[in-house]
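Q: From first to last, the protein sequence lines stand for chains Y and H. Residues in the first sequence are numbered from 1 upward in steps of one, following full-length UniProt numbering. Residues in the second sequence are numbered from 1 upward in steps of one, following full-length UniProt numbering.
It is possible that part of the hints are untrue.
[Said to hold, decoys possible] Result set (DSSO-like, lysine-lysine): computed pairs, CA atoms no more than 27 Å apart in a straight line: (1) Lys13/H with Lys90/Y; (2) Lys192/H with Lys4/Y; (3) Lys90/Y with Lys74/H; (4) Lys11/Y with Lys74/Y; (5) Lys218/H with Lys11/Y; (6) Lys192/H with Lys218/H; (7) Lys126/H with Lys74/Y; (8) Lys26/H with Lys11/Y.
[What the hints assert, rightly or not] Stretch by stretch, here's where chain Y covers chain H in the computed footprint (C-beta under 8 Å, at least three residues): (9) 50-63; (10) 122-132; (11) 177-187.
[Unchecked claim] Simulated restraints on C-beta separations: (12) Gln132/Y with Gln92/H: 50 to 56 Å; (13) Asp103/H with Arg15/Y: 25 to 31 Å; (14) Ile194/Y with Glu71/H: 36 to 42 Å; (15) Leu161/Y with Ser8/H: 44 to 50 Å; (16) Gln92/H with Gln201/Y: 34 to 40 Å; (17) Thr121/Y with Glu71/H: 54 to 60 Å; (18) Asp87/H with Gly191/Y: 29 to 35 Å; (19) Thr127/H with Gln201/Y: 45 to 51 Å; (20) Met104/Y with Lys231/H: 56 to 62 Å; (21) Tyr165/H with Lys11/Y: 56 to 62 Å; (22) Thr197/Y with Gln92/H: 39 to 45 Å.
Since the hints were derived computationally from the structure, they do not count as laboratory data. Each residue gets a CB set at the ideal place from its N, CA and C atoms; glycine is no exception.
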Amino acid sequence: MLTKLLKYEVKATGRLFLPIFLSLLVFAAINKILSVFHHPTWTTPSVITMIIYSIIMAAMFVMTFTVMIQRFHKNLLTDEGYLMYTLPVKSWQHIMSKLLISMMWIIASVIVAMLSIEIITYKPGTLGAILQALAAIYKQMIGHFGASDYFLLFELILGGLMTLASCILIVYASIAIGHLFARHKILSSLGAFIGLTTLSQIYLVLAFQVPRIAHFADFSLFNITSNKFIQSELIFACGFILIAIPCAAYFAVTNYILSRRLNLE
Amino acid sequence: MSTIFECSGLTKKFGSKTALSDVDLKIERGQIVGLLGPNGSGKSTLIKLANELLTPTSGQILIGGKQPGIETKKIVSYLPERTYLNDWMRVQQIIEFFSDFYDNFKPEKAYDMLKRLNISPNDRLKTMSKGTKEKVQLILVMSREAELYFLDEPIGGVDPAARDYILETILSNYNENATVIISSHLISDIEKILDYVIFLNQSKVVLTSTVDDIRDAKGKSVDLLFREVFKC
Numbered sequence: 001m002l003t004k005l006l007k008y009e010v011k012a013t014g015r016l017f018l019p020i021f022l023s024l025l026v027f028a029a030i031n032k033i034l035s036v037f038h039h040p041t042w043t044t045p046s047v048i049t050m051i052i053y054s055i056i057m058a059a060m061f062v063m064t065f066t067v068m069i070q071r072f073h074k075n076l077l078t079d080e081g082y083l084m085y086t087l088p089v090k091s092w093q094h095i096m097s098k099l100l101i102s103m104m105w106i107i108a109s110v111i112v113a114m115l116s117i118e119i120i121t122y123k124p125g126t127l128g129a130i131l132q133a134l135a136a137i138y139k140q141m142i143g144h145f146g147a148s149d150y151f152l153l154f155e156l157i158l159g160g161l162m163t164l165a166s167c168i169l170i171v172y173a174s175i176a177i178g179h180l181f182a183r184h185k186i187l188s189s190l191g192a193f194i195g196l197t198t199l200s201q202i203y204l205v206l207a208f209q210v211p212r213i214a215h216f217a218d219f220s221l222f223n224i225t226s227n228k229f230i231q232s233e234l235i236f237a238c239g240f241i242l243i244a245i246p247c248a249a250y251f252a253v254t255n256y257i258l259s260r261r262l263n264l265e
Numbered sequence: 001m002s003t004i005f006e007c008s009g010l011t012k013k014f015g016s017k018t019a020l021s022d023v024d025l026k027i028e029r030g031q032i033v034g035l036l037g038p039n040g041s042g043k044s045t046l047i048k049l050a051n052e053l054l055t056p057t058s059g060q061i062l063i064g065g066k067q068p069g070i071e072t073k074k075i076v077s078y079l080p081e082r083t084y085l086n087d088w089m090r091v092q093q094i095i096e097f098f099s100d101f102y103d104n105f106k107p108e109k110a111y112d113m114l115k116r117l118n119i120s121p122n123d124r125l126k127t128m129s130k131g132t133k134e135k136v137q138l139i140l141v142m143s144r145e146a147e148l149y150f151l152d153e154p155i156g157g158v159d160p161a162a163r164d165y166i167l168e169t170i171l172s173n174y175n176e177n178a179t180v181i182i183s184s185h186l187i188s189d190i191e192k193i194l195d196y197v198i199f200l201n202q203s204k205v206v207l208t209s210t211v212d213d214i215r216d217a218k219g220k221s222v223d224l225l226f227r228e229v230f231k232c
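With the hints as constraints, model all of the structure from the sequences given.
A: Spelled out as structure tokens, the structure:
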């Protein structure tokens, strides 16, 4: 069922994102072509296309953000929820499908933005230079961590994805909490968002006290082993747990409200 | 006959307002049931509770012996009183959506009914009138071979000619074991297809009876009885 939900989520959002991605890339290309002429008669058109390009770029990121909220709120908590909640699907699957597709579009937007900048600034040789720089970073990582670099890269990506998920889930949890109120749902959601953000900050401050306390207790991760790889892995593991706890909490709150406290009006 | 829908002590409050108060009901399989009552009597609330769109304040609901959940959603087909379809899809895309999620959805039935009501499967919902959207929704809901149908005001927004077709559709599309619960205040229109009626007033059940009993024992039509019970 989750795959089916994902499929329809992609369909519902793709019709919004794909045209804007395409137009961003097209305007980047037009910009590039106009800049090749370097002639005064082409100054005005190229300024105009540059402005349009920038507007599309801004619109794309605003859209990514609003679609993330809209798909969750409109599709699950307004009239469309009448359909979604009468499907034989569990609420965690609804949340998961919205979350994964939101993450996908946010990442895609960033990639498309970088690609469009690459198109505009493209000069023969720049692509090679970028690849060379990447190769250099890669070599350095191998030098530093030995053969574990793929694993490290995987962990960095995983950490990034978890952080992204946490940013989206805090918004979902806020909307769900706002839904509990009979009136002023949007205002309540905003209040819930401020509340949850504050709680998360407090959590982080407290979590960062743990190493200090451990230090006073004469305990450090580095005492466990002198193996560099295991040391870095332990740090990663702690980091993952640190991000995973609020992530899981937001998910649990959202799921509880959607499955046990749903009241569609 | 076995029970398909049962609720006991069912209460739903919205803040200080009671929408449904201590309702006990038992509905057997294989009949068409009219859930009748004036506006705001709790008809939609009862149906929404059965579909898990609302959380009861207290009491419980059993559908085929199970509490509302995934298993009951597989056997319940629900027509809400509002448009729940997003407007960017075409009719055929929605049919595909329903076939994907409901094992008991029969697309050929849906296409057949669309044809009879002159609705093109290629039309977008955005371009449709409110009445046409309601017809599409009813077609989708009746194209499922469900065990229990909840139809909330199915004929409220459509013209009288389509009303007859819709009632005929309801009659011809449900099998002997299925149960249809129709909420409406247009009693004279649906009276002829009902087997059983439930009168709701001010969040309480005030009368349950078979239609035959009303006609034989009281010598009245359901419409007349309704007008007497709910006389303002």
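Q: Please list, smallest to largest, the hint numbers that this structure does not respect.
A: Of the numbered hints, 2, 5, 8, 10, 11, 16 and 21 do not hold.
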